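With the hints in hand, could you dock these two chains into one complex?
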Amino acid sequence: MDVVFDHLGQILAGLGVTLALAGTSFAGALVIGALLGVLRLLPFGVLRATSTAIITIVRNMPLLLVVVIAVFALPQLGLTLPLDVCVAVSLMVYFACYIAEILRSGVQTVGMGQIEAARALGLSDARAAITIVAPQAARSMVQPLGTMFIATLLSTAIGSIVGVLELSGVTRLLNVQYAEPIAIFGTTALIYIALSLTIGGATGWLERKVRVTR
Amino acid sequence: MTEVQLFEMRGPKAARTRRIVNIAGLVVILAAIAALLAGLAAAGQLDPALWAPLLDWGAQQFLLVALGNTLIAGATAIALSIPLGAMLAAARLSRSRVLARLSAGLVEVLRALPLLFVVYFFLLALPGLGLRMPPFWQLVGAIVLYSSGVFAELFRAGILALPRGQMEAGLSLGLSRTQVLLRIVFPQVVRALLPALISQSVRVLKETTLGYVVSYPELLRRGQTLGEFLSGSFLQVYFEIAVIFIVLNGGLTWLAVVLNRRMGRTRTPRAAQSARERVPA
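Protein chains in written order, with our numbering: chain A, 1 to 214; chain B, 1 to 281.
Bound-form chain B, shown alone (with noise of 0.2 angstroms):
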């Protein structure tokens, strides 16, 4: 689909006017950025003495350590929830009532919680319950619970999304429900909603900062530890991590758009078009 362009602009009165708004916009966004750093300069956040120790190769090392902890997790629960949301998904759609209610209610009800509530539970309430794990799984356990629900969804709505003559062409050949929906659907459904998959872990990585709750020693957790050792560089931490967030989630988010971009010359089915819009932040 093309663009929507809601304003033309054409003609020289147009176009001066686009210049005049170009120019006074930037003096407003120009003169904003100077007010802040203004503030952070007085508040003598800019003093080269916050920021040095960021150059130094130890500081750096050990937040690259914490960026592998948080790739690591973060790949972890994105290997664990594909699956789980595949298998959850599928069981909603079987012929099964009481397998699909079932997997429809525990879809709902791990998207109805807050991530963090999730945690909390793993991290106070099941040691209480006689079950202990160490922090990674405490974490990982967490996201993997709520993103499978979010996985589930997006299955489930690329499935629905697939034309039904793929599935009875299937049952005609003779391969069984389970043959159809591992060979023929799956495959087709995945290679629609890789960019809705890539979004999703996106957020995923996003949600790994969690770990800062179960000390767990991922980016933010081990930034706040070296603005302590540093005394008192956190801003200067939280930017760099900030940055690294930004280029690691921009990459992808720029993958999954290219990707994205690359199926809509090939057949998509709309539907499956709408559900990669639908994922929710």
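Pulled out of the complex, with its shape left as it was, chain A reads as follows (with noise of 0.2 angstroms):
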């Protein structure tokens, strides 16, 4: 156990690189996916079906592969970033794709009749998709958006293969420094486990708070 306790600082700055690479790419991926999953939604046929083309490609390719294309052609195309924002990139990428599938479906959730009923009182389509379906979709949402920031974090340790030293990468390195794989891994899984445990246990009770019993 002396390894992990001296090497604490260490192991703490790794937790640190992977909650702000989780928390920059899920933001990201929040914006990009609302974006696509919006284009999915307007009754222009172009956008729509770039959109699906885009979530079709990448939800399709592993993302290691995102992320080691992005690492080899981001500098080719005059983009010399660093490491971890070239991670940060493919995370963003990858996730906003599951994200407009998620927005999709809460769309779908809300069911046509809401929209009728809508049309009916006389509102136009644009007022509806605000006012009516954007909130009971957005409560639907909460509990896969949850699991998908879950996803995300745990890809973070996908940063570790090309050299960022996230909470794998650090336990990668500290054993292969000191060889004791139980107290090293066994610190970093309980970490993980944590972390999971307490954004899972955040948005089941989000979701309980803002469901709507039908």
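Think of the hints as simulated: they come from the structure by calculation, not from any bench.
None of these values were measured; they are calculated from a predicted model.
In this text, a Cβ means the ideal position worked out from N, Cα and C, and glycines have one as well.
Careful, some of the hints might be misleading.
[What the hints assert, rightly or not] Just some of the chain A residues that point at chain B, by a computed CB distance under 8 angstroms:
1. Gly45
2. Leu47
3. Pro62
4. Gly78
5. Leu81
6. Pro82
7. Leu83
8. Gln177
9. Ala179
10. Pro181
Shown next as structure tokens:
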């Protein structure tokens, strides 16, 4: 266990990188995902097809392939970014496509009857989308978005492959140096489990709080 | 359920708006694609000299073997984690409190760790503890551990979604709980969950790229080797690998959609459908 206590600073720094990567990636993924999702809901064929194509392509690619391509291709396009930024960008794009799907199924749960009722009351389509559909859809999206945040957090581990020293990277490094697998891997595992359970618990609480009982 | 249409857009005025937005959108998208291609061309990445080696049969054969390895690793992982997941789900729903708690805890832990972290554990920690295994099992073992947790949750949701009457009818016919589970519950659950099981299989196939880390010669690992060998055709090889994955997984996803639609016509428990939608990335 001494290894863990002696290098607590290093482990906590790794945790910091993991949290920062997860936070920025998920925030970016929310923005891009909302954009892709909205484009897919708008009644313009070209925009809808483009969004669908991007989502289909990215969702069927392995995350590691996206990361490797980003790390290799972005500098070729004249964008020389630090490695952690490359990883963050990849995570953003990758999870944005899943978030766009969550948005879509969130809207689907509202049901056509609500929209028809809104139209019958004389609301414009845009108004109905904002005041009737969006609040209901948002509530049903809490749980899947929480799951997606956990997935993003866990996926930041991919960064260690291209040399970002986040939690898994630090674990690997310490284990190579000190070869005390049980203590080192055990500690990191506990941190990951604590993070997942916290986020899971928080979203569960939020979901119960905002749930619509139908 | 019919697709929700948020916007109606009827009438001549709406048709004109739609046409204008579509044309403007097309221009923007084509401009973006052109800019991307121009950037790649400026970097010399569109040079035919970088793409031509890919047409070589030897290079294709090299990737074909890699594709085979990817498929073998994926299929093995799926074949092992489905029964394991089913067992974990059955244990979690068993009447024995201890067994249920144990299984629940295990599933939570398995799902709360990054797959790559588990791969590192197999690659770096287990040999230190005296357990050495070939790269194939370092990769597949890690995926199986992780994936059986996901399958367990799927099966549990599917079992809970099945009407209680099925279980009760089986029991009242004098079957044991195990018999009911195996012969009445599971066949129906598997049928209802087929699309979700396929989606999870797509995920497993994508995860085999972590073979890159344990030096298992799957598509990404071999792709990198090939890129090095062809002295710098990395982007081109990665492009081909991306196309392979998109076609492969796109086909599987399409199969899931078709099955889903076909089952939509027959009786599918509503909760099983929502369970299906809950499968995370």
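Hint status (Cβ of Pro181/A to nearest Cβ of chain B, threshold 8 angstroms):
3 angstroms, holds
Do the numbers back the hint for Ala179/A, that is, is its least Cβ distance to chain B under 8 angstroms?
Given a least distance of 5 angstroms, the restraint on Ala179/A holds.
Against chain B, with CB atoms and a cut of 8 angstroms, does the hint on Leu47/A hold up?
5 angstroms, holds
Proposed interface contact between Gly45/A and chain B, which counts if any beta carbon pair is under 8 angstroms
6 angstroms, holds
Status of the hint placing Pro62/A at chain B (closest C-beta pair under 8 angstroms)
Holds. Min distance 4 angstroms.
Just to be careful: measuring from the Cβ of Gln177/A to every Cβ in chain B, is the smallest value less than 8 angstroms?
11 angstroms, violated
Would the hint on Pro82/A stand, with a C-beta cut-off of 8 angstroms toward chain B?
19 angstroms, violated
Quick check on the hint: Leu83/A CB to chain B CB, less than 8 angstroms?
Not OK, violated: Leu83/A not within 8 angstroms of chain B, min 16 angstroms.
Evaluation of the interface hint that places Gly78/A against chain B, nearest CB under 8 angstroms:
7 angstroms, holds
Restraint check, 8 angstroms cut-off on beta carbons, for Leu81/A near chain B:
15 angstroms, violated
Hints 5, 6, 7 and 8 from the earlier list are contradicted by this structure; the remaining hints agree with it.
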